[in-house]
Each structure stands twice: as structure tokens, then as C-alpha cells.
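Given next are the chains, with one letter for each unit.
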Amino acid sequence: MLIFEQGQPGRRSMAEAPGGSSAPLDFPAHLMRRQLPRFPEVSELQVVRHYTNLSRKNFSIDTQFYPLGSCTMKYNPRGAHRAASLPGFLNRHPLMAETNSQGYLTCLFELQEILAEVTGMAGVSLTPMAGAQGEFAGIAMIRAYHQSRQDHGRTEILVPAAAHGTNPATAVMCGYTVREIPVKADGDVDLDALKLAVGPQTAGLMMTNPSTCGVFDRAIAEIAQTIHQAGGLLYYDGANLNAILGKVKPGAMGFDVLHLNLHKTFATPHGGGGPGAGPVAVASRLLPYLPTPIVMKSKDFYRWSTEHDFPHSIGRLSAFMGNAGVLLRAYYYARVLGRAGLLRVAEYATLNANYLMQRLVDLGFTLAYPTRRASHEFIISLSPQLKQYGVNAMDFAKRLLDYGFHAPTTYFPLLVPECWLIEPTETESLEQLELFVAALEGILKEAAEDATLLKTAPHTLPVRRLDDVKAARELDVKWSYGEEKTRST
Amino acid sequence: MPYIPHTESDVAHMLSALKLDTIDQLFDEIPPDLWAEKLEIAEGISEMSATRLMTERAVTSDRQLNFLGAGAYEHFIPAAVWDVVTRGEFMTAYTPYQAEASQGTLQTIYEYQSMITQLTAMDISNASLYDGASALAEALLMAVRCQKKKSGQTILMPMQVHPFYRQVCETIVAAQGIQLQLLPYDEGGQIDQTYLAQLNIEGVVALVIPQPNFFGVLEEVHALTDWAHARGLLVIAQVNPMALAVLVPPGQWGQSGADIAVGEGQPMGVPLASGGPYFGFMTCRESLVRQMPGRIIGRTVDLDGKEGFTLTLQAREQHIRRSKATSNICTNQGLAVTAATVFMSLLGAQGLAEVAQQSHQNCEALIKKVSVIPGVKAHFNRARFHEVVLQLPVAAASVIHFMAKQNIQAGVDLQPFYPELTQHLLVCVTETKASADLSRYVDVLAEAIKLVVAV
Amino acid sequence: MTAIPRELKYAASHEWIRVEEDGTAYIGITEHAQAAMGDLVYVELPDVEHEFAAGEEAGVVESVKAASDIYSPVSGEVLAVNEALEDAPELINSDPYGDGWIFRIRLSDTEELNDLLTADEYEEQLAEEDH
Chain A
489 MLIFEQGQPG RRSMAEAPGG SSAPLDFPAH LMRRQLPRFP EVSELQVVRH YTNLSRKNFS
549 IDTQFYPLGS CTMKYNPRGA HRAASLPGFL NRHPLMAETN SQGYLTCLFE LQEILAEVTG
609 MAGVSLTPMA GAQGEFAGIA MIRAYHQSRQ DHGRTEILVP AAAHGTNPAT AVMCGYTVRE
669 IPVKADGDVD LDALKLAVGP QTAGLMMTNP STCGVFDRAI AEIAQTIHQA GGLLYYDGAN
729 LNAILGKVKP GAMGFDVLHL NLHKTFATPH GGGGPGAGPV AVASRLLPYL PTPIVMKSKD
789 FYRWSTEHDF PHSIGRLSAF MGNAGVLLRA YYYARVLGRA GLLRVAEYAT LNANYLMQRL
849 VDLGFTLAYP TRRASHEFII SLSPQLKQYG VNAMDFAKRL LDYGFHAPTT YFPLLVPECW
909 LIEPTETESL EQLELFVAAL EGILKEAAED ATLLKTAPHT LPVRRLDDVK AARELDVKWS
969 YGEEKTRST
Chain B
61 MPYIPHTESD VAHMLSALKL DTIDQLFDEI PPDLWAEKLE IAEGISEMSA TRLMTERAVT
121 SDRQLNFLGA GAYEHFIPAA VWDVVTRGEF MTAYTPYQAE ASQGTLQTIY EYQSMITQLT
181 AMDISNASLY DGASALAEAL LMAVRCQKKK SGQTILMPMQ VHPFYRQVCE TIVAAQGIQL
241 QLLPYDEGGQ IDQTYLAQLN IEGVVALVIP QPNFFGVLEE VHALTDWAHA RGLLVIAQVN
301 PMALAVLVPP GQWGQSGADI AVGEGQPMGV PLASGGPYFG FMTCRESLVR QMPGRIIGRT
361 VDLDGKEGFT LTLQAREQHI RRSKATSNIC TNQGLAVTAA TVFMSLLGAQ GLAEVAQQSH
421 QNCEALIKKV SVIPGVKAHF NRARFHEVVL QLPVAAASVI HFMAKQNIQA GVDLQPFYPE
481 LTQHLLVCVT ETKASADLSR YVDVLAEAIK LVVAV
Chain C
603 MTAIPRELKY AASHEWIRVE EDGTAYIGIT EHAQAAMGDL VYVELPDVEH EFAAGEEAGV
663 VESVKAASDI YSPVSGEVLA VNEALEDAPE LINSDPYGDG WIFRIRLSDT EELNDLLTAD
723 EYEEQLAEED H
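Chains as they are written, first to last, in my numbering: chain A, 489 to 977; chain B, 61 to 515; chain C, 603 to 733.
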């Protein structure tokens with residue numbers, strides 16, 4: 489039931505009203521609102537109960553194992569949440585004077601330094617508000633770099649076929665055309681195809697390593713050399729940084745610019761689809777173009793950069809300076825983990841992925857890249873199960889929900905048919921992985937005995953499979969006033 | 061090991077299943093010369109130490125009397141809002157790709173879309189964008205797509221749109237050949253309609269109308285909307301949602317309403333939090349929905365005919381359309397939107413109107429009080445909403461500096477953004493300010509001016 | 603077995619074209635293409651009177667999980683579009699070669715028809731794609 493359907497005319501949560509006198513408004517009549525918007529008319533308890541009950545219809549890290557590939561659904565430390573929610577941070581206006589903001593600015597400055605160190609880059613800007621905005625900033629910097637050299641013929645961005653959809657979409661937003669580079673059967677980029685594709689039109693390459701195929705591209709040094717020799721730059725999509733954090737610095741692989749997904753690698757909550765944060769880090773030749781503002785340190789005073797510090801910046805990306813609350817959580821996380829802890833992230837994420845991969849092979853599942861080590865994630869293809877039982881990857885995923893596990897990423901990357909991309913993360917225990925294996929074992933058995941059970945799954949959730957076609961054809965995207973009357977009759 | 065549950069025997073068991081001796085062997089496909097030699101980062105600290113460190117840092121910004129606005133507004137947030145929103149099931153869920161396991165998030169966003177369309181009187185709302193500035197930038201790109209049959213892609217951008225918003229728009233539309241043509245403001249701080257009347261609109265596809273504008277001044281939204289529509293331009297409204305509880309909503313501007321309406325959602329229950337996370341809302345006319353960026357949630361039925369919610373119109377988005385998507389945007393600001401939905405439910409339409417009304421009255425009260433200081437007055441004399449440009453007898457920067465030392469955040473110095481406004485301070489007052497706060501502001505401002513004049 | 607009417611010509615990008623006696627032609631997408639897309643939810647139609655070059659993007663078909671461009675197999679001016687698809691895109695699913703036609707064009711160069719695939723050739727292409 490919608491919150492709109494629970495109200496009664498005239499009911500209010502009076503404690504929340506501001507109180508005090510309200511003289512009539514003195515705006516010009518033609519600019520005044522004539523009729524109040526139709527909002528729910530409900531009590532405080534109704535609101536709290538409604539949204540608390542809604543929350544219980546969600547799967548989440550706090551309640552379920554959530555092995556969603558390429559999303560790094562690891563534990564979100566409560567300590568980080570409490571730290572970012574301290575009144576001095578929460579009530580701080582973004583334009584508050586620097587003299588009253590030294591503690592806050594210190595955190596951000598040190599976060600910039602930590603991110604530069606783990607990525608092997610020369611400078612960091614924290615302002616991008618999500619991974620996709622970080623990508624935008626990165627490609628805009630590549631563009632600014634070529635333009636500053638009067639190198640106007642570079643019109644094309646290369647993207648491996650396995651790339652996340654934001655990569656090509658970003659390149660187009662930055663005014664580039666996109667050329668896809670095929671991926672070989674072993675999951676690595678097709679180097680021969682890449683060599684044929686590069687030229688004076690190449691502005692750069694966008695790449696994730698380890699890739700969304702769940703493998704580390706072994707030829708990365710040669711890929712970087714190929715791009716650089718053609719005069720292009722390399723963009724690193726940090727979506728999978730959890731796999732190599734501290735072990736391999738993207739700077740050492742030859743990347744010129746990258747973004748980090750703090751909501752993945754640095755354990756900040758995903759919030760049901762945001763907020764995230766996508767800071768960018770650059771090699772020294774791209775420093776002048778970083779998006780602003782950046783936190784600077786002059787003697788012992790921390791301050792925001794001005795236009796004089798970065799006259800060639802690609803500019804501003806957010807109204808203020810990005811998702812500060814996310815940045816503070818990431819800073820806390822980095823401080824608690826420290827040097828050794830950050831290294832352990834990649835080690836145990838990789839251990840969990842490889843162990844789980846081995847256990848699924850034992851069950852008879854088919855790997856997309858059987859000759860390879862898993863990075864922090866791996867792909868299985870359910871094509872054999874589809875052939876044998878007529879049950880596809882989505883059916884398996886939906887049935888897994890009934891077992892109390894969130895499904896892995898399904899049907900991505902697009903180049904592996906009937907695929908699951910599975911990322912357990914380092915914060916899951918061995919027992920949890922075994923429970924997941926046991927669930928899959930059970931589902932395999934069900935597929936053989938009663939395929940319908942899977943095809944009609946889920947059976948135990950608040951709703952069964954939803955009619956997506958109806959949702960798209962008969963667009964219903966808001967409650968309409970008067971609807972409660974037509975529904976009650 | 062912080063946040064990692066593995067015991068030594070767990071590791072031994074797992075490695076033996078993999079027929080390996082060490083974890084490092086799992087990285088043996090990575091060429092050895094790429095391995096990092098060292099990490100110059102301090103050793104980790106305990107939760108207790110980290111909490112103490114953060115508390116000491118946070119304190120430097122504590123207990124400020126805040127009169128800053130300029131796009132981020134201090135409104136009271138009821139306790140119930142974030143108490144509910146920070147439940148792990150909301151906070152630690154991901155994008156609702158598995159609809160059956162995400163009905164909580166999906167229904168909440170559907171309710172959010174319903175409330176935002178009510179507030180703006182527009183047809184369709186998306187599930188939100190990053191913030192108000194990026195929402196405006198996305199609206200410009202959307203307007204150009206909607207007008208692709210017209211030649212040219214110039215957008216009329218008033219000077220009194222938030223300067224940071226204009227900068228964000230410049231950054232984001234720069235690569236696509238879209239021009240922003242700046243419009244001057246008149247002596248009342250509004251879009252100069254006599255200037256518009258003689259403007260050559262060749263190549264222009266849309267007009268941005270801020271309401272209220274950066275100066276807090278109300279624009280003549282009906283006349284402007286009709287002017288634009290008569291010339292085949294789209295109208296992009298950039299609005300403060302709190303103001304919409306009392307001001308005519310963009311869907312009712314002029315004869316036929318604005319085409320796209322966007323704004324910063326922060327005033328709806330989201331804390332100031334140093335600038336984010338906030339959320340940008342975006343709404344439009346139904347006929348333009350296919351050009352709208354971002355996620356949209358729809359209501360449908362399940363196999364049993366039971367009501368349920370799901371992502372819809374996904375074919376516009378990057379994960380399907382890739383290089384032909386309407387935008388590269390992937391995330392929305394789910395948690396901030398959840399907060400806004402709870403906030404709007406608690407306050408109700410009447411409560412929002414009261415907050416807006418009291419903010420406005422407090423602002424007018426402050427203007428009256430400061431006007432007794434010689435040389436201080438409201439610079440623009442048109443109707444405004446909870447924010448005002450004060451003209452001072454001295455440079456604003458020095459006043460701000462002095463008042464900051466007294467833990468009063470006095471306002472925004474306008475000179476860096478508007479060189480002609482040499483001694484002008486943008487001041488915001490909301491319902492959170494009591495009469496004593498206003499008096500304190502006036503006293504310290506008077507003192508500051510006296511001191512600066514004396515120097 | 604997917605239907606591939608003998609009398610039509612085909613583009614490698616899965617459009618069909620049916621030339622009428624008056625020299626105009628109907629264009630749509632093949633049964634194979636609609637089956638691969640799944641239930642269609644939206645069709646973006648070209649503008650009447652628009653002139654296309656052969657191979658130019660003329661519209662888009664969308665299902666819940668995919669979107670695919672429609673390319674004009676030949677050059678010419680659009681004479682009409684199938685407006686019924688605006689409310690009922692599922693016509694393409696139910697009758698791809700009939701009621702599910704997408705637009706009608708006046709060919710500017712009938713020679714171009716020779717560059718298109720015959721039913722046999724298109725069938726061969728599908729067989730190859732299957733491997």
C-alpha cells in the first residue's frame with residue numbers, strides 16, 4: 489500500500505511543523521501557489537511504520553550475502569558512518585569559512601594523498617559524485633590535454649567489448665566516437681586488433697584491469713605502450729580496484745588517469761543506488777586539468793584551490809565539492825585499515841573469489857575463463873544448464889533469492905552467454921561462502937527435478953516476477969490523486 | 061584484521077582446496093614488475109582512535125550560527141527521517157536490479173516520483189540525479205536532444221543562475237558544441253525583459269528560468285515562459301523545492317507550463333553535510349520522457365497480478381544503450397531521495413508551506429533589523445524568497461572574516477562572481493533562526509562594519 | 603524455423619523491404635530480429651518526408667532489455683510511417699512482415715536493391731550467426 493493511500497484529510501505529524509506565527513505571505517498574487525500539492529496526510533507513526541516495513545522488503549549487505557559482480561558489496565563499517573555523521577561535519581555548510589573548517593579540510597587533504605599513493609598517481613580531485621562522473625572528468629581531461637597540444641585530429645576513444653556501459657556513454661558525452669576492441673577467448677584484450685585500431689585518430693583507451701571478465705589482463709604493459717606510441721592516453725576505470733588495491737598501482741601499469749569508486753573499494757554504503765563518489769587521480773602531465781576545487785595546503789593552513797591554482801582545469805562538476813559525506817567515510821576506512829589493512833583487501837577478496845570459483849567448478853558449473861585465475865570476481869556461464877534443463881541464468885538468479893541470497897550480476901558482461909558475474913568480497917566468511925555453495929547445489933538439483941520451480945521463482949519474496957513489458961508499455965510512474973477512489977470501488 | 065573474518069585455519073583450508081601455499085600465488089598472472097614495492101600510508105588505527113580523531117576534526121566546524129544559503133539550505137530535519145533512512149536495509153542495498161528483492165527501495169522511489177511531480181506540477185519525475193547543478197546540466201543536454209530538429213544549440217542562461225551551476229553546465233556541455241548565452245539582470249535583479257525583447261534568437265533552443273534566482277529574487281515566470289514558447293524555445297525551470305510549497309509550480313507557468321523542471325533536493329530533509337551527498341531532481345512533460353536521463357521506476361503487476369515496482373524505460377540508459385544512451389549516468393542518489401520522501405511525508409504539504417513561510421518571514425525580519433545599520437540595505441527591491449543581497453558600506457569579505465571569528469557564518473561575498481557587486485553579501489535566513497539569532501547577527505554585523513571602517 | 607518470405611529483400615542488419623508495383627517500398631524488421639529483441643515496448647519512427655541514404659539510421663526499436671537501431675536499407679524519401687506502432691509496438695512481434703511494417707519509402711535508386719540479400723542469402727547469414 490502506498491503512503492498516499494494511508495492518509496486522512498486533515499491528519500498531520502504536528503511535532504514536525506515549525507510552529508510560530510505565520511502572517512499571510514506578501515508575494516505578488518500571480519507568483520503564489522493556488523493549491524497545495526497533494527501529499528500524504530499521515531501521522532509520524534504511520535510514516536515511520538510505513539518506511540520501516542518497506543525497508544524490510546529489501547535485500548542488503550546488512551541482511552544478506554550480496555555477491556553482485558563488479559559492485560563490491562562489502563561490509564560498510566558503522567564506525568565510518570558515525571564519524572561522518574558527527575554534528576561538526578553534518579551541519580557544516582559547504583561555503584563555511586576555511587578558518588572554521590580546518591578539521592574537515594585536513595581529512596580531505598589526507599584522503600587525496602592516500603588515494604594518490606594507492607593509485608601511483610601525481611594528483612587527485614575528490615569532486616566527482618559517482619564513478620560515471622569520474623569517467624566524464626577523466627575523458628574531459630584527456631580531451632583538454634590533446635587540445636592544449638593543438639592535437640585536434642584525435643576523435644576516437646577505444647573501449648574493450650567487455651566494458652561497463654558507462655565507458656562508451658561517457659566517451660560520447662565528451663564528444664568522441666567509440667570503437668570497440670574485441671576480447672579474446674581467454675578474457676584478455678585482443679592485442680592484434682588493438683594494434684590495428686590505433687592511429688592518429690586515437691585519443692585514448694578506457695579499460696578496467698582486472699576486467700569485468702574477472703581476469704587480470706597480462707599484456708597491460710604492451711597495451712599501454714601501443715596506446716602511448718600512437719599518441720593516446722590510458723584511462724583506468726577503477727570499478728575493480730578492490731582486486732589489486734595496494735598490490736598493483738594503476739600508475740605502474742601505464743595508466744594516465746583513473747577514477748575510484750569509493751562506494752566499492754572504500755566500503756561506503758551504496759544507499760539503494762547512490763550516493764557514491766568517484767574521485768579522479770592523474771599522472772603529472774594531466775595535473776593542470778583536474779576538476780576543481782581541490783584541497784591545498786599552504787604551510788599549516790588548508791584551503792580550497794582557486795582559479796589561480798588551476799587555470800586550465802576542466803572546471804567544476806558539482807554545485808559544491810562532491811559527496812563530502814562519502815569522502816569522510818572513505819577517509820575513516822582508509823585510516824582504520826592503514827597500510828597493511830589496505831593490502832589485505834585485495835588478498836582476501838581474491839582468495840574468496842578463487843575459493844568460491846573452485847567450489848562451483850566442483851559442483852559442475854562452467855567457467856567462462858577456465859584457464860585463468862579469478863581476480864576478485866569470476867564468471868560462470870549457465871548455457872549448459874539452459875540446454876539441459878531449459879533454465880536460464882535469470883531463472884537461477886531468481887531462485888537464489890528464495891534461498892536468501894542476492895543474485896550475482898546476470899547477463900553482464902554481454903559477451904558471455906547466460907552469465908553470472910560473482911564477487912564475494914573479502915568481508916565474507918568461509919561459512920558464508922559454503923552456505924552459498926550449498927544453495928547452488930540445491931538449485932542445481934531442483935533444475936534437474938522440477939525446472940518449473942526455477943522458471944516461476946521467486947516464491948517467497950514480497951512479489952513474484954514482475955511484468956516489465958507492462959511497466960514499459962503502460963507507463964505508470966506516479967500516484968494520481970483520485971486513484972484511491974477508483975481503486976476502492 | 062579489520063572487517064576480514066578469516067582465521068588462520070580458514071586460510072589454510074581455502075589454500076589447500078586451491079592447491080596453493082600462499083595467497084600471493086593467486087596473483088601469479090600479474091607480471092612481477094608491476095607489483096607495488098611499498099605503500100607509503102600510515103599503519104591502521106582502532107575504531108576508538110579513529111573516532112577520536114574524527115571527533116577532534118569535526119569540532120572545528122561545530123556550533124556555527126549559519127546565514128549561508130546559496131544553494132544549500134539549513135532546514136530542521138525531524139529525527140524520524142534519518143533514523144528510518146539509515147536502517148541497513150535501505151543504506152546497504154544496491155541499485156534495485158533484482159526487483160523482487162528491492163521492493164522497499166523501488167516503492168520508496170515511486171512515492172518520491174509522485175511527490176516531486178505533485179510539488180512541481182509536472183508530468184514525470186526520474187529517480188534523481190547527483191545534485192542541483194548536474195541536474196541543470198543534464199536538462200540542457202536533454203533540451204538539445206528534444207530540439208534536435210532545430211538548427212543551432214544555444215541555451216539562454218541568466219547571469220543570476222547560481223554561478224557554480226553555470227560552471228558545472230559549462231564543464232559538462234562543453235564537449236558537445238552547446239553554447240550558453242548569458243542574459244543580463246535588470247536593476248531589480250530579474251531577467252531583463254527589455255533585453256529579451258530585442259534578442260536575436262537564431263540558433264536558440266531553450267531558456268533557463270531560475271525561481272527564485274541566485275539573489276533570492278522571484279522571476280516573472282509566466283511572462284518569460286510565454287515569451288519562450290512563442291518562439292519555439294523549451295523552458296527549463298530551475299527551482300527550489302521548498303519555495304514551491306508557496307510559489308506557483310513550474311507546471312503552471314504561463315499558458316502551458318515549463319517543459320523541464322530541475323533543482324537541488326537538499327532542502328527536503330538532507331543535511332548540509334559540506335555539500336553532499338545531496339540529490340538533483342528532474343521532471344518533465346510526458347512527451348519528452350524518452351529523452352530524460354536517469355532511472356525511472358514504474359508500477360506494474362507480478363505473475364499473480366499483485367502490484368509491484370520495477371525499473372522501467374531502461375532502454376534509454378547506458379547499460380543497454382551504451383554509446384547511444386541519453387546520459388552516462390548510472391547511479392541516482394537513492395539514500396538522499398529516501399530521506400526526502402520520508403521528510404515530505406512527515407511535513408506534509410501544509411508543513412512544507414509553513415517552513416517556507418517562516419523562512420521567508422525570518423528573512424524579511426532580518427532585512428528590517430539590519431536596515432538600521434547605516435549604509436546597509438537590501439540591494440534589489442523585488443519580491444524574494446528567504447535570501448537577500450545586502451548592500452554594505454564596506455567590502456563583504458572583511459565582514460565575513462570578522463563574523464567568522466565570532467562563529468557566525470555571515471553570508472556569501474558576491475564580488476568574486478559579480479564584479480559589479482563590490483560590497484554585497486548574499487544572506488539566507490530559514491525557519492531555524494530565532495529572533496535572538498537575528499539580533500545577534502545584526503549586532504555583530506554592526507560591530508564588524510564599524511571595525512572595518514575604522515581600519 | 604523463422605519465417606523468411608521469398609518475395610522480400612533483406613539487409614544484413616535484419617530489415618526487410620517489399621517493393622510495390624508503384625515503385626514505393628515498405629520496410630520493417632525480420633521475424634528473426636523481433637524474436638531476438640523480445641516483446642517490443644517502443645518504436646521510434648522516422649519523420650515523414652525525411653530523405654535517407656542507404657544504411658542510414660532511420661529509427662529505433664526497444665524491448666525491455668534491449669534497444670536496436672533500424673537502418674534504411676535503401677535511399678529515398680519517407681512517404682508514410684506506421685502510426686499504429688506508437689500505441690501498439692507489439693504488432694512487430696505478432697506480424698513483422700504485415701501489420702508490423704515500420705515505414706514506407708520512395709526509392710531514389712532502384713539499383714540499390716541489387717546490393718541487398720535475397721531470402722536465401724539472408725537465411726544463410728542467420729545460419730552463420732547461429733554458429
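I should point out that these hints are in silico values taken from the structure, not numbers from a laboratory. For glycine and all other residues, C-beta sits at the position ideal for the given N, C-alpha and C. Don't take every hint at face value.
Said to hold, decoys possible - Footprint (simulated), chain B over chain A, 3 or more residues, beta carbon under 8 Å:
{"no.": "1", "segment": "520 to 532"}
{"no.": "2", "segment": "686 to 694"}
{"no.": "3", "segment": "715 to 729"}
Claimed, not checked - Ranges between beta-carbon positions, derived for each pair:
{"no.": "4", "chain 1": "A", "residue 1": "D680", "chain 2": "C", "residue 2": "T604", "range": "29 to 37 Å"}
{"no.": "5", "chain 1": "B", "residue 1": "S316", "chain 2": "C", "residue 2": "E725", "range": "28 to 36 Å"}
{"no.": "6", "chain 1": "A", "residue 1": "A511", "chain 2": "B", "residue 2": "D143", "range": "30 to 38 Å"}
{"no.": "7", "chain 1": "A", "residue 1": "G498", "chain 2": "B", "residue 2": "G292", "range": "54 to 62 Å"}
Stated by the list, open to error - Sample of chain A residues with no beta-carbon within 12 Å of chain B, all distances over it, derived:
{"no.": "8", "residue": "P565"}
{"no.": "9", "residue": "A651"}
{"no.": "10", "residue": "K672"}
{"no.": "11", "residue": "P763"}
{"no.": "12", "residue": "Y836"}
{"no.": "13", "residue": "T854"}
{"no.": "14", "residue": "N880"}
{"no.": "15", "residue": "P905"}
{"no.": "16", "residue": "L932"}
{"no.": "17", "residue": "K933"}
{"no.": "18", "residue": "E934"}
Problem set entry | Cβ separation check - A:K672 to all of chain B, threshold 12 Å | The assertion about A:K672 holds, with a minimum of 14 Å to chain B.
Exercise. Residue count check for the segment 715 to 729 of chain A against chain B: does it reach three with CB-CB under 8 Å?
Worked result: violated (count 0)
Exercise. Does the claim that A:E934 lies outside the interface with chain B hold up, using a Cβ gap greater than 12 Å?
Worked result: Since the minimum Cβ distance to chain B is about 18 Å, A:E934 lies beyond 12 Å and the statement holds.
For this session: Check whether three or more residues of the segment 686 to 694 of chain A sit with their beta carbon closer than 8 Å to a beta carbon of chain B.
Result: Three-residue rule not met by the segment 686 to 694 of chain A, so violated; n is 0.
Exercise. Is the nearest CB of chain B more than 12 Å from the CB of A:P905?
Worked result: Answer for A:P905: holds, closest chain B Cβ roughly 17 Å.
Problem set entry | 12 Å Cβ clearance of A:P565 from chain B | Per Cβ check, A:P565 is inside 12 Å of chain B; nearest 6 Å; violated.
For this session: Note whether the CB distance of B:S316 and C:E725 lies within 28 to 36 Å or breaks it.
Result: At 52 Å between Cβs, range violated.
Problem set entry | No chain B beta carbon within 12 Å of A:Y836's | Violated, since 5 Å does not exceed 12 Å.
Exercise. Against chain B, does A:P763 keep a CB gap of more than 12 Å to every residue?
Worked result: 3 Å, violated
Exercise. Is the gap between the beta carbons of A:A511 and B:D143 within 30 to 38 Å?
Worked result: 33 Å, holds
For this session: With 12 Å as the threshold, tell me whether A:K933 passes as away from chain B on beta-carbon distances.
Result: 22 Å, holds
Exercise. Is the nearest CB of chain B more than 12 Å from the CB of A:N880?
Worked result: 15 Å, holds
Of the numbered hints stated above, those contradicted by the structure are hints 2, 3, 5, 7, 8, 9, 11 and 12, listed in ascending order.
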